[in-house]
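**Q** If you want the building blocks of each chain, they are given just below.
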Amino acid sequence: MEVSFREEIASLRLGAGETFRGEGILAVTKALLQSGVSYVGGYQGAPVSHLMDVLLQSEELLQDLGVHLQTCTGEAAAAAMLGASVAYPMRGAVTWKAIVGTNVAADALSNLSSPGVIGGALIVVGEDYGEGASVAQERSHAFALKSSLILLDPRPDLPTIVRMVEHGFELSEASNTPAMLELRIRACHVFGSFVAKDNRKAPISFNNPAMPARFDYGRLAHPPVTFPHEADKMARRLPAARRYILEHGLNDLLGPPDGELGIIVQGGLFNALNAELAAAGLSDAFGRVQLPVLVLNVTHPLVPEQIAGFCAGKRGVLVVEEGAPDYLEQAIGQILRKAELNTALHGKDVLPMAGEYTPPVIAAGLAQFLERHGRRWTALPSLAPAGVQAAKAAIGTPLPARPPTFCTGCPERPVFSAMKLLRQETGPVHVAADIGCHALATFAPFNQGNTILGYGMSLASAAAVAGTNQKRPVAVMGDGGFWHNGLNTGVAGAVFNRDDAVLVVMDNGYSSATGLQDIPSSKAGSGEGRGKAVPVEQAIRGVGATWVKTVHTYDVRGVMRTLKDALSDPVKGLKVIVARGECMLARQKRLRPAQAKAIAAGERVVQSRFGIDPEVCTGDHSCIRLNGCPSLTLKPSGDLLKDDPVAHVNNDCVGCGLCGEVAHAAQLCPSFYRLDVIRNPSRADLLKHRAGNWFLRLLGGTPISDLPPLRPPAAVPVPAE
Amino acid sequence: MNAPREPVRILIAALGGEGGGVLVDWITRAALDAGLHASRTSIPGVAQRTGATTYYLEAMPAERGDPPPVLGLNAAPGRVDVFIGTELLEAARRAEAGFLTRDRTLALVAHRRAYTVTEKSEGGDGRLDEQRLAEAVRATARQAVIADYDALARQTGAPLNAVMLGALAASGALPIPPDAFRAAIRAGKAAESNLRGFEAGLSGTAPQPAAPEAPPAAPDALGFLPEEARALAAEGGKRLADFQDAALADAYLGTLRRFAAMPGADGPLLASLARHLALRMSAEDVIRVAQLKLRDARRPRLAAESKARPGDIVHVVEFMKPGPAEVLSLLPPALARPALRLCERRGWMGKSVALNVSPTRPIGFLRLRLLAGLRWWRPRTLKHHEEQAWIAEWLGLVERSLALGADVAREVAETARLVKGYAATDARGRANWRRIVAEIVQPALAGELPRDIAADALLQARLAAQKDPEGDSLDRTLAAVAARRGAPPRRLAAE
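Quick mapping for you: the protein sequence lines, in order, are chains P and L. Going letter by letter, the first sequence gives residues 1 to 721 in the working numbering. Going letter by letter, the second sequence gives residues 1001 to 1495 in the working numbering.
Since the hints were made in silico from the structure, they are not lab data. Heads up, some of the hints might be wrong.
To be verified - Chain P side only, calculated, beta carbon under 8 Å to chain L, not exhaustive:
no. : residue
1   : Leu62
2   : Asp64
3   : Gly66
4   : Asn274
5   : Ala364
6   : Ala367
7   : Ala386
8   : Pro645
9   : Gly655
10  : Leu668
11  : Phe672
12  : Val677
13  : Arg679
14  : Gly701
What the hints assert, rightly or not - Derived SDA-like pairs (lysine to any residue); straight-line CA-CA distance at most 25 Å:
no. : chain 1 : residue 1 : chain 2 : residue 2
15  : P       : Lys597    : P       : Arg679
16  : P       : Lys532    : P       : Gly542
17  : L       : Lys1467   : P       : Asp643
18  : P       : Lys589    : L       : Arg1154
19  : L       : Lys1307   : P       : Pro593
20  : P       : Lys642    : L       : Arg1345
21  : L       : Lys1351   : L       : Leu1370
22  : P       : Lys532    : P       : Gln588
23  : P       : Lys532    : P       : His68
24  : P       : Lys197    : L       : Gly1267
25  : L       : Lys1351   : P       : Arg561
26  : P       : Lys201    : P       : Gln57
27  : P       : Lys635    : L       : Ile1363
28  : L       : Lys1189   : P       : Arg21
29  : P       : Lys572    : P       : Gln588
30  : P       : Lys471    : L       : Leu1395
31  : P       : Lys642    : L       : Gly1051
32  : P       : Lys348    : P       : Thr426
33  : P       : Lys471    : P       : Gly333
34  : P       : Lys197    : L       : Asp1033
35  : P       : Lys564    : L       : Arg1428
36  : P       : Lys635    : P       : Ile612
37  : P       : Lys392    : P       : Gly427
38  : P       : Lys642    : L       : Asp1456
39  : P       : Lys564    : L       : Arg1345
40  : P       : Lys642    : L       : Lys1467
Glycine is no exception: its CB is placed at the ideal position from the N, C-alpha and C atoms.
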């Protein structure tokens, strides 16, 4: 799907001395090019999708530099791609969303780090943790520890992020160890600037291909060499990495050289910490802290002598480390013990073990730490936010949450309307949900789903339910998850085991939730499209499924009928329903400008939207409980007798038709109508129209066009986003 | 040494897809162009999907030889200088989280609601009180500007985010000249309309939200009713004359007169009766729907919604889908009942004909005309008989419960709210009503339920049934009531 990144692409071309302006993740992309990478790959997912999205449109630039770009079908594929740097002195980078992506990649990561790399290998992970996160809350740190990867956690400002990317490659090469750069959500989206360098051409690239590497058993993650690999990690690579970190001062020592209290903080949390220190009068907006602070831009490996050196002579040290377990605090404790230092170690005793370290959380921990050691500080406002009580009193009732919902006109919503209608008819069934837009059906008004086990895992997660439940379970999966691994772990597995389950594949043509990336079943490449139009049905039949039906999602009754068939079919075995309907975001992105152009050019265009007659609507809102479309909302009835609000379709309506379909399928109510507007009508239209109106008048009716002309209404405001 | 420089901290709360990201981007670029240190970040999440999102920006005057600033990425309660809210509930949410404070926060909030699914789904009126939400902002901010910026956006045909940018520029909270903002807009997409919006917001002419207008004065002819019931009764009479004929209107007023004469019948009770009796007596049937669809009054609205420009052709397609229940209920009971039983037996009740009638086309118009023309026949229909029967039963219960007190009687009258909608919705509503009658009203009348509990129990049960008509909250409420009177609720007892 084409989302244009003209400006971003231009900024990737900046040369030495020019000022780059943009978001963190784009800065990383530029830093990769400045580091002379030979290849880049990854799998989309917030908050790092942007990296791949932008590069995909930078074909020309990549051509000049000879950078190989791979749209990986999953994180495992992306991690495996780093194998190039095992055999060749090539720099390469891959990206994905953590923790989930790192889980998927784990197998390849182990076998990558066992032999190690001879070309710098960098993994850019979007640490999807805290507010706005959409995944299970775990730490990437664990993977760095178990596979002995280098873990970079830079201060969230562009110069430091860029510096860490560049050093990341050097460090990776100096220690033959793959490096992982961890960026939290806010760091990925932070907008700032840095002074650019020229992009570097890699020694090995598709412009300058390498000779096949000679056979070297030592480079294989295969016994017996895996045993020396393990030893080499500890005996050689780890010390080498520590040496590099010290020599190049990757960690920042801030504030006075000595003092009796000190703070050790993850780089990514420094700005948040500094804000609280400034509020306490112990720093300022330029990070001029008044007590010693060791900022770990590299959180693994730690350099024992650096930690010990920092703690020596201090009464107490606070470790600000987000998430559980407290890996850093444990390691630092051990370092202190072995160095026989009795500096009081604080961390998770004054800060919470789990959860995001927001300003109030850090403030509270900091306050406790300073208090315990009798340090004077000015009160922190974020500790006791005034007004909370006043607001609660004014509102007088708990506020309803506002989770994301399906977009206006989303093609997936009708399927869940159908499932809810069916549920009212035949009672509940076990629903295995999945990752993707369709997971929004777990929220109101659909409130369905019994498990979510991972991307493309819904059908697999229903395997044991299929044999042990009174009703056939239904697994919902998006086409994104389907290609990511659902086809194998789900469909193939279910066919092989003769699972008696129903699978609904949402075939909307893109990996939509991550930002409309193309997938194998996307329309074949017109413009920016990279899809190969591989039919989902064919893939499903290819692995042996026989009961495969395709439905058009907006046909709610059709979907209901097919679901009923699938659930009631006497023959045991997998039933697959491919629910087809293009992502409405993509559709509108394409359609709106095209229609506007056509209308301006005087071409005949029929535009539709839905409406509700307030006089006919009784205000029962059952349509909303079956639909939940953002453009289907409420308004005052305008009727003294009806004091409840009536349903109302606002101007965002894209005329997808679901309102009418649901009204029919549920025999809901006759309040709904569709308006068809023929812009620039043809001669034939006009003739028919005139004739029609003549008859209408004959029958005593008044055509709409006979009304006193209204002032042309203003255009619908469409946010520039 | 003078006080350390502090950044101006701006928190923006918006809904995905409203362009909050674009807004904060304009501000950032304008700040940088104005020579400020500036940094911003966002939590877009699944941004375009109408969930609640926030954006945060810090900007600080720059001086020669400044070291690189360390700006925050998180808004902190008690440290927000400017709050921009595009929606009241989200603004109130931030106020409740302590981000707005009396000592520093300037709040620029669009007096506009985007209802949550929870609010919209309720069978009755689940909307939060706008005034209270606005009050939460006023009560916590140093200065609160809550205006209908959305109306301003619609008037100027510009997006809301551009208008809010104008409002920010007008507030002078940032040392950034308007031209820097204009430049930032020009650098982006859809510059003209965005500039229109910006200027509108800058001019600071955002209209205050309109106050709800008072109900029309009631005619003296209804003097037999207390003040609060008159306007409703007048409207009810009009409604019924239009729905059927003057006779029906007289019957309606007659009933009200009868109740008004009853000892203990107070204003609230009669108001409730005037409202619900009129609605039930004019319960929408196919005939009524056809009548309403042909109303002239409807056409200007349609024309406006269609955004038709001169020369365009507009067609309306009605989504009517009467099933056997609706169609057969137009027959007299003697014919309709056996026919319906047959359909039941054959399992045809689910069947129905999708009539996509188009009243803007001769044939469709004719169909609706014919249906609407059946008004004279209505009194003979099964639907009419059933409505009459229901109304009689309901009124009977109200009358008898008067003995228990006006408050109980009023709650019984209010149960009529549960009967609304068409087909399945209507059926479910009636079923819920029956259960409440069987498990609260009847026991109360039989003295099995203390009268002081009865009124509250009725209220709770009605609210539960309205909250999720298809759900089980009514079950739970009735179970609780049953527990109070020490008997198992009928449904549970049956299981």
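**Q** Can you list which hints this structure breaks, lowest number first?
**A** Per hint list: 1, 2, 3, 5, 6, 9, 20, 24, 27, 29, 30, 31, 32, 33 and 37 violated.
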